[in-house]
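K.L.:
Sequence:
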Amino acid sequence: MMEAFLKFYNEINFKNGFALYIYHSSIVDWCITIGYKASHPKHGEEIIKIHNSDMELAFAKAQVEFKQWLLENKGGY
1 MMEAFLKFYN EINFKNGFAL YIYHSSIVDW CITIGYKASH PKHGEEIIKI HNSDMELAFA
61 KAQVEFKQWL LENKGGY
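Note that UniProt numbering gives residue 61 to position 61 of the sequence shown, counting from 1, and the numbers run on in steps of one.
Hint data in this document are derived by calculation from the structure and do not stem from the laboratory. Where a beta carbon is used, it is the ideal one built from N, C-alpha and C, also for glycine.
Computed cross-link-like contacts, BS3-like style, restricted to lysine-lysine with a CA-CA straight-line distance of at most 25 angstroms:
1. K7 x K49
2. K74 x K7
3. K15 x K49
4. K49 x K67
5. K37 x K15
6. K42 x K61
7. K37 x K67
8. K37 x K49
9. K42 x K67
10. K15 x K42
11. K49 x K61
Derived DEER-like restraints, expressed as beta-carbon distance ranges:
12. I27 x G75: 35 to 41 angstroms
13. S26 x Y77: 32 to 38 angstroms
14. W69 x Y23: 17 to 23 angstroms
15. L71 x K42: 15 to 21 angstroms
16. G76 x M55: 24 to 30 angstroms
17. S53 x K15: 32 to 38 angstroms
18. G76 x S53: 27 to 33 angstroms
19. L6 x Q68: 14 to 20 angstroms
20. V64 x S39: 24 to 30 angstroms
21. I27 x K74: 31 to 37 angstroms
22. F14 x E45: 15 to 21 angstroms
23. Y21 x K67: 17 to 23 angstroms
Given these sequences and hints, build the entire structure.
P.N.:
Following this line, the structure appears as structure tokens:
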């Protein structure tokens, strides 16, 4: 699931200026955040933020939420 998410993100990011942050620790588990690059006027805004102890579930949720956000805010992907 992680590979599918990263491939999809890479295709979308090419034309949109997003930033992807992936973090893991024993305290917050897996954290996947998509926001805007530092050069983007909306830098600092988060598009999605996922926390989950299961890595595969975290990446699956991130892909679903990101696609939903793209449909609602960009008219598709």
